[in-house]
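There are 2 protein chains.
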Amino acid sequence: MKPATALPAQKNTRASDISDSQLRGLFGYNLKRSFSALQVDLLEVLSKFDLRMVPFSTLVMIVENPGLRQSQLADALAIERPNLVVVLDALERRELITRDRVPTDRRAYALRATLAGHQLFEKAYRAVQTHEARYLDRLTTAEREALSSALNKIRATFEETGE
Amino acid sequence: MKPATALPAQKNTRASDISDSQLRGLFGYNLKRSFSALQVDLLEVLSKFDLRMVPFSTLVMIVENPGLRQSQLADALAIERPNLVVVLDALERRELITRDRVPTDRRAYALRATLAGHQLFEKAYRAVQTHEARYLDRLTTAEREALSSALNKIRATFEETGE
DNA sequence: ATATAATAGATATGCAACATAACTATAATA
DNA sequence: TATTATAGTTATGTTGCATATCTATTATAT
Chain P
2 MKPATALPAQ
12 KNTRASDISD
22 SQLRGLFGYN
32 LKRSFSALQV
42 DLLEVLSKFD
52 LRMVPFSTLV
62 MIVENPGLRQ
72 SQLADALAIE
82 RPNLVVVLDA
92 LERRELITRD
102 RVPTDRRAYA
112 LRATLAGHQL
122 FEKAYRAVQT
132 HEARYLDRLT
142 TAEREALSSA
152 LNKIRATFEE
162 TGE
Chain D
2 MKPATALPAQ
12 KNTRASDISD
22 SQLRGLFGYN
32 LKRSFSALQV
42 DLLEVLSKFD
52 LRMVPFSTLV
62 MIVENPGLRQ
72 SQLADALAIE
82 RPNLVVVLDA
92 LERRELITRD
102 RVPTDRRAYA
112 LRATLAGHQL
122 FEKAYRAVQT
132 HEARYLDRLT
142 TAEREALSSA
152 LNKIRATFEE
162 TGE
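In the order they appear, the protein sequences are chains P and D.
Start counting the first sequence at 2; every next residue gets the next number (this note's numbering).
Start counting the second sequence at 2; every next residue gets the next number (this note's numbering).
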């Protein structure tokens with residue numbers, strides 16, 4: 002490979018004055034960094050219940066929508082059906098949910114949470130709410146509403162064309 | 002495995018009325034869904050420049066901070082040093098950046114963008130700004146400020162303890 | 001009625017993001 | 001000068017996410 006030359010006559014950056022204002026000027030970058038930081042804490046909270054983000058969301062959806070089909074669930078969570086299968090396998094192995102045969106459609110399964118599943122949901126959901134309060138408490142009501150509305154608009158912007 | 006039984010007497014959820022209000026009540030979930038939707042669009046924009054999110058961020062940082070060391074860069078981007086190595090390898094192979102020996106510390110490399118690197122940065126950064134305008138234009142000034150402030154508070158909440 | 005197409009779920013597989021342990025070479029320090 | 005720490009690298013593993021393809025079953029189209 003021929004040696005690519007850097008632009009000449011550039012002052013070196015010293016350790017002290019590293020700047021990321023170009024990236025900080027991008028909304029998406031801030032969104033990613035904030036979410037990543039939040040996620041570390043959330044994963045720690047969920048780990049007490051042997052859950053990760055997708056299995057937790059899955060359990061929440063099944064508790065809220067008993068009898069749900071796997072395809073419907075994958076759709077609602079915006080995850081691929083093959084990936085949901087392994088998540089459900091794990092939840093079923095832990096006897097948190099059941100896959101019940103649907104009499105009217107023998108291809109499909111109706112998903113339901115067991116008693117243990119409901120109990121785990123209650124505890125985990127409350128723990129997540131506590132985790133959320135950690136940062137939501139620092140926001141003003143106006144900020145919370147603006148944030149909520151902004152996130153919805155962002156989602157709407159990209160999901161309307163993307164789906 | 003003994004058959005786990007679902008809770009009895011539950012009305013099945015019909016296709017039409019699947020609800021995700023429990024998840025929507027969680028801020029982190031909305032954040033994740035919005036970011037995922039945004040990311041699809043962003044990746045498409047970056048793909049025109051043969052870039053992904055981390056290589057793009059890396060290039061931006063090197064352009065803004067010529068002479069930067071790899072460790073400093075990994076720190077600033079909050080990515081692991083080993084993962085940065087392969088990103089830099091690829092950028093160097095494309096002659097977008099150079100790794101220059103540092104005379105005062107022969108372990109270290111000073112990272113600099115080549116002319117091609119600067120040019121790609123200019124084009125890609127503008128394209129990303131256009132992408133961002135797609136959703137930022139739909140937000141009110143108040144929403145934009147609240148979102149910005151909220152994201153910073155979220156990051157502060159979790160990075161102050163986490164680092 | 002039967003052939004064809006579509007759907008529900010599962011399996012296999014691959015890529016990308018991210019993390020850790022351990023190595024080489026240098027530099028800092030005790 | 002011996003020890004420790006640091007910069008970069010290599011190897012490797014895990015998780016998240018996507019696609020192609022398979023089966024069993026159901027819907028539809030002639």
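No lab work stands behind these hints: they were computed from the structure.
Any given hint could be a false lead.
Pairwise CB distance ranges, derived in the manner of DEER restraints [to be verified]:
1) D/49 x P/25: 20 to 28 Å
2) P/157 x D/106: 49 to 57 Å
3) P/79 x D/134: 18 to 26 Å
4) P/26 x D/141: 15 to 23 Å
5) D/107 x P/79: 43 to 51 Å
6) P/90 x D/106: 25 to 33 Å
7) P/72 x D/25: 41 to 49 Å
8) D/22 x P/100: 35 to 43 Å
9) D/94 x P/142: 23 to 31 Å
10) D/94 x P/157: 34 to 42 Å
Note that the structure is a prediction, hence the values are computed from the model and not measured.
Note that the Cβ used here is the ideal one computed from N, Cα and C, for glycine as well.
Each hint tested on the structure:
no.: 1; hint: D/49 x P/25: 20 to 28 Å; verdict: 23 Å, holds
no.: 2; hint: P/157 x D/106: 49 to 57 Å; verdict: 50 Å, holds
no.: 3; hint: P/79 x D/134: 18 to 26 Å; verdict: 24 Å, holds
no.: 4; hint: P/26 x D/141: 15 to 23 Å; verdict: 19 Å, holds
no.: 5; hint: D/107 x P/79: 43 to 51 Å; verdict: 49 Å, holds
no.: 6; hint: P/90 x D/106: 25 to 33 Å; verdict: 51 Å, violated
no.: 7; hint: P/72 x D/25: 41 to 49 Å; verdict: 20 Å, violated
no.: 8; hint: D/22 x P/100: 35 to 43 Å; verdict: 24 Å, violated
no.: 9; hint: D/94 x P/142: 23 to 31 Å; verdict: 51 Å, violated
no.: 10; hint: D/94 x P/157: 34 to 42 Å; verdict: 39 Å, holds
Hint check: violations occur at hints 6, 7, 8, 9; the rest are consistent with the structure.
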